[in-house]
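Residue numbers for the sequence shown, in the working numbering: 42 to 490.
Rather than coming from a laboratory, the hints here were simulated on the basis of the structure.
We treat Cβ as the ideally placed atom computed from N, Cα and C, and that holds for glycine.
Any given hint might turn out to be false.
Unchecked claim - Distance windows between CB atoms, simulated:
| # | residue 1 | residue 2 | range |
| --- | --- | --- | --- |
| 1 | ALA401 | ASP179 | 35 to 43 Å |
| 2 | SER207 | PRO83 | 54 to 62 Å |
| 3 | GLN442 | ALA335 | 35 to 43 Å |
| 4 | GLY127 | GLU396 | 41 to 49 Å |
| 5 | PRO170 | HIS328 | 44 to 52 Å |
| 6 | TYR178 | GLY321 | 44 to 52 Å |
| 7 | SER200 | GLY105 | 16 to 24 Å |
| 8 | PRO170 | SER460 | 24 to 32 Å |
| 9 | ALA401 | SER461 | 31 to 39 Å |
| 10 | SER207 | ASP179 | 51 to 59 Å |
| 11 | ASP458 | ASP327 | 31 to 39 Å |
| 12 | SER172 | SER128 | 13 to 21 Å |
| 13 | SER128 | SER461 | 25 to 33 Å |
As the list claims (entries may be wrong) - Below, a list of computed lysine-lysine pairs in the PhoX-like style, where the Cα atoms sit at most 20 Å apart:
| # | residue 1 | residue 2 |
| --- | --- | --- |
| 14 | LYS324 | LYS370 |
| 15 | LYS324 | LYS399 |
| 16 | LYS324 | LYS367 |
| 17 | LYS317 | LYS251 |
| 18 | LYS395 | LYS370 |
| 19 | LYS466 | LYS277 |
| 20 | LYS466 | LYS397 |
| 21 | LYS352 | LYS324 |
| 22 | LYS397 | LYS277 |
| 23 | LYS352 | LYS317 |
| 24 | LYS182 | LYS251 |
| 25 | LYS182 | LYS277 |
| 26 | LYS399 | LYS277 |
| 27 | LYS370 | LYS352 |
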Amino acid sequence: MSIHHLKSIAMASVMALSGPATAVAAEQGPVPAASVQAISLPSAGSVAALYNQYKLKPIWFKNGAPTVAATQLTQILRRAPLDGLGSGPQLADQIDAAVAGATNPTAISQAEQLMSSAWVLYVQTIRRPTSGMVYAYDVLKPQGTRPDQILLGASSAPSLEAHVSSVAAVNPIYSSIRDAEWKRMQATGSSTPDPRVVANLDRVRSIPSKGRFILVDSASQRLFMYENGIPVDSMKVVVGMPTMPTPLISSVMYYVTFNPQWNAPVHLVKGPIATKTLAGGMKYFDHMGYEVMADWTANSAVLPADSVDWKAVSTGRAPPPRIRQKPGKDNFMGLLKFTFPNSQDIYLHDTPAKEKFKLASRDVSNGCVRLEDAQRFGRWLLGREPVAPGTDPEIPVQMPQGVPIVITYITAQPSADGSSLTFAKDIYGWDKPGAQIASSYVSPVAAAR
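Whenever a hint applies, use it, and build me the whole structure from the sequences.
Below, the structure is given as structure tokens:
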């Protein structure tokens, strides 16, 4: 997914619910009431109470006639299986029948509250948290799911039509994927969405719809920098291998760390590090800038490297020690590290191994994300050249303001005109029905990626 492609997606989002993709239901006309099986809506009771409590005037009717927003609602519900609301088309039929029979104040009131109950249920559906995503803070989960928030927001909107379109769009990436699949479904007469699309929509639901934020897409192995909801720059990244996938994360980045140290993962210590130390001795160990640490605490003592039985470590007869690499241009973290709160110890970082960015598939890390151009990324975050303020290791420099970061996995790629979807290789297998998006793949001590 190129940055130009993402820009076109963002611009196309303002055209939600327009064109042939939403016209079919309107052409079908109202459904006879006798043919509609009523659905019991869990939101109906709270909606009725809100109408009574706030003495709400009709939202979906004006002068006894349904508004344009009422038609919008039924169109939205007909495509709602894409959003995870399988009963959406049946609800749309029920609303059409209720509107057709709304010939007196009582029937209008019943149709009005039916539409509000359906709208509340729909908004709660599109605002549910992404399955398997690690949210560093609860506030990063989709907000505004209480019936009163949803209904009062609709009733107080200057334009209900604009409000409904904006809420239903979720975010530009979400709406572009959904619109393309909806066009395919209508063109083929299918009533069942592609499960891969539904999985993608779930994963992109938590992307912000506006503002300044970072988006890392493990499927395309690219990072995007957003301003005002529009991608302004991007770069290649290296992400986790299929056996140690980069998890889905929503967090906020506050600091840039200069002169990072590198803690070697256990499997590398007992593997190549032990083997090369046995072959090259302390000359190899010192050349790499390695240190043997007594434990995993922040103020751990440094032990003599020759105090380790490297042969026993390599054969598994002795536990591997903690190995830390000093800062420097050859450090596997490079010169910059970008941390953010998350339970999986995942972060972004520089790397001296630039050859990895020439790979067609860059899923070769142990979970963390390596950046093609950490200097450029640091410049965007700090608003100035990212120059280290000193030579001490691990110097944190606070950014002017926190920047949200979302790490996700987008295999569904809309065409330039938004009329179709292609699918990137599903390297993690997360598009398969019932796939486990397990964030527990990453070991807390595997800090170096």
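Query raised in the report: If you check each hint against the structure, which ones fail?
Result: Structure breaks hints 2, 9, 10, 11, 15, 17, 25, 27.
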